[in-house]
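> Chains as they are written, first to last, in my numbering: chain A, 266 to 542; chain B, 19 to 332.
These are calculated hints, taken from the structure and not from any lab test. Take these hints with a grain of salt, some might be off.
[What the hints assert, rightly or not] No farther apart than 30 Å at their CA atoms in a straight line, the calculated lysine-lysine pairs in the DSSO-like style are these:
#	chain 1	residue 1	chain 2	residue 2
1	B	Lys41	A	Lys321
2	A	Lys433	A	Lys361
3	B	Lys254	B	Lys31
4	A	Lys496	A	Lys464
5	B	Lys41	A	Lys494
6	A	Lys496	B	Lys41
[Said to hold, decoys possible] Here are some chain B residues the structure puts well away from chain A; computed CB gaps all over 10 Å:
#	residue
7	Tyr114
8	Gly134
9	Pro187
10	Ile247
11	Ser285
Backbone N, C-alpha and C define an ideal beta-carbon position, used for all residues, glycine too.
Below are the chains, spelled out letter by letter.
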Amino acid sequence: MDSSVLQDLEAKACKMRQDIVRMLGEAGSGHPGGSLSAADIVAVLFFNEMKTDPQKPDWPERDRFVLSKGHAAPVLYAALAEKGFFTVDELMTLRKTGSRLQGHPSMKHLPGVEMSTGSLGQGLSVANGMAIAGKLDKRDYRVYVVLGDGEIQEGQIWEAAMAAVHYKLDNLVAFLDHNGLQIDGPVSEVMSPEPVADKWRAFGWHVEEIDGHNMKEITDALALARTIKGKPVMVVANTVKGKGVSFMENQVGWHGSAPNAEQTGQALAELGGEADE
Amino acid sequence: MSKKTATREAYGKTLARLGAVNKNIVVLDADLSKSTKTADFAAVFPERFFDMGVAEQNMLGTAAGLAAAGKIPFASSFAVFATGRAFEQIRNSIAYPKLNVKIAATHAGISVGEDGASHQSIEDISLMRTLPNMTVIVPADAVETEKAVEAAIEVKGPVYLRLGRLGLPVLFDESYRFEVGRAVTLREGSDVTVMACGLMVGQAVEAAEMLAGENISARVINMHTIKPIDRDIIIKAARETGAVVTAEEHSIIGGLGSAVAEVLVQSEPVPQEMVGVRDTFGESGPPSELLQKYGLMAGDIAAAAKKVMGRKKG
Ligand SMILES: Cc1ncc(C[n+]2csc(CCOP(=O)(O)OP(=O)(O)O)c2C)c(N)n1
Ligand SMILES: [Mg+2]
């Protein structure tokens, strides 16, 4: 991967972080921490990895993205807007009455959203279904899913983990946004799922562990994933919740509260963006 | 015609037949394929059959993904597990995004028999019909099941098919016309109307015979679709007969009786009696004894008909 591509991806992720902060500031509620921790992963997926066409959101050959941790909707909306599925202006309607940008992603409201999510623990099963359908139809699309490290406490995740291996879903790549925090505190204190990489390996997945904010490591993991045959790939991405906004980083309190106007301005300044007012 | 067939048997045979016609049909089960009869499909189309193991939540979620990618998944388990264990998966991953998943659950009602209350679903109609976008169908015999499976495929969106374990007499012949949301008048009558679904349809027909012997003219309607409910036929029956009995192998809380009452109170209030399971769990026993013990026989319907006629105004 040449360095200009990586730099472009970094710029995209930075732009997405600005969008996230701006739309959450405008909405007055929502989830910054987990949106920011996943921004680099989602940027690489949408701008380097997946085939998608904003003009043809139903294109049968498109790659599929399932944001299983649906509360991070802003990161998905930012990617879709930057990709051209809708205008960046529309991001400012997030969470407002009549908006297509529901508080949690809704496929019936917004083109580009592949699955309605928000109830944690369900997205991997759905991604499995899409991957199975791809194999049945002999299409070569791939399915990508992002899970939270608190989310994987849900039992259904492990049902799905078993099934993805059983059905040899090598057209499926899961990312674990391993940011160490959930709502009630550190994941390791609330209900530890550690050691996560060993657990997924024990279930039969090919597991890669990376720095989830390093564009090279993310792109390398995805390139490697394409070479793995006969089993699904889990990328355990070590991340920082709130990444990119100093006062949000590693702060459990920024899981689900939006920045006020002043905080929005400060965050945008740090991210090199401009406030609206 | 004396041979009895369970609706689950008709389901399995129909799936296996339609699988050849419609290549988009895929079938999922949760380690109960021999009981739900999806094994009939698996035997002919193994590549389109997915056993998901004892993991109902994942099964329904996977069905959602298959539907999102253009497949027509039928997901089967016992009604308790399909609708209860996986309720929220059905709500958020299937009904909310209106995905084309057909949930065909067997072993509904107390006629499951000896397995007892843990396996006797008496609340599934209630759970499923409360969900926006969901269609709820309760076939009364093998022929109706076959037609209901065909019709469910034509519905663009989620469908709940409620099937039973017990062998039932075949009520209809091949000329029987089935349309989702359109109930069928099986017998005309002017004094009272019995509206039934599932195995209670046969009991309702018998009840009407008993009532005829006492010079009571009972109309019998097969309410095979609980949602969308056929409002017109309910209102017409209320106007013309002035009294309604509902009969279902389900709790009287939230099922067919409630669905009919919702129409009556809002449009054509007439007295109604509900035959069904009266806010209690079932128990082990032979199905025929349980149906008697829990008041789900023709005689119970006839008694309810006389009672409700006594409540008619003026
Ligand atoms: C089934 C379910 N239970 C509870 C919630 C409420 N909830 C939203 S986010 C969250 C914590 C998620 O933590 P994690 O998966 O680590 O997400 P991240 O740190 O990436 O934001 C919870 C409990 C939910 N959305 N779904
Ligand atoms: Mg987390």
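> Hint by hint, say whether it matches the structure.
Do the hints match the structure? See the list:
1. Between Lys41 (chain B) and Lys321 (chain A) the CA atoms are separated by roughly 25 Å; this keeps the pair inside 30 Å, and the hint holds.
2. With a C-alpha separation of about 41 Å, the suggested pair Lys433 (chain A) and Lys361 (chain A) falls outside the 30 Å cut-off, and the hint is violated.
3. Of the supplied pair hints, the one linking Lys254 (chain B) and Lys31 (chain B) is violated, its CA atoms being roughly 36 Å apart against a limit of 30 Å.
4. A distance of roughly 15 Å separates the Cα atoms of Lys496 (chain A) and Lys464 (chain A); the hinted pair therefore holds under the 30 Å criterion.
5. Taking the CA atoms of Lys41 (chain B) and Lys494 (chain A), the gap is about 27 Å. The hint holds against a cut of 30 Å.
6. Using a Cα cut-off of 30 Å, the hinted pair Lys496 (chain A) and Lys41 (chain B) holds, with the two alpha carbons roughly 26 Å apart.
7. With a least beta-carbon separation of about 5 Å from chain A, Tyr114 (chain B) fails to lie farther than 10 Å from that chain, contradicting its non-interface assignment.
8. Separation of Gly134 (chain B) from chain A is adequate, the least Cβ-Cβ distance of about 25 Å exceeding the 10 Å criterion.
9. No Cβ of chain A comes within 10 Å of the Cβ of Pro187 (chain B); the nearest lies about 38 Å off, and the non-interface call holds.
10. Interface exclusion of Ile247 (chain B) from chain A stands, the closest Cβ pair being 24 Å apart, more than 10 Å.
11. The claim that Ser285 (chain B) lies off the interface holds: its Cβ sits roughly 30 Å from the closest Cβ of chain A, which is beyond the 10 Å cut-off.
The structure fails hints 2, 3, 7 (numbered hints given earlier, in ascending order).
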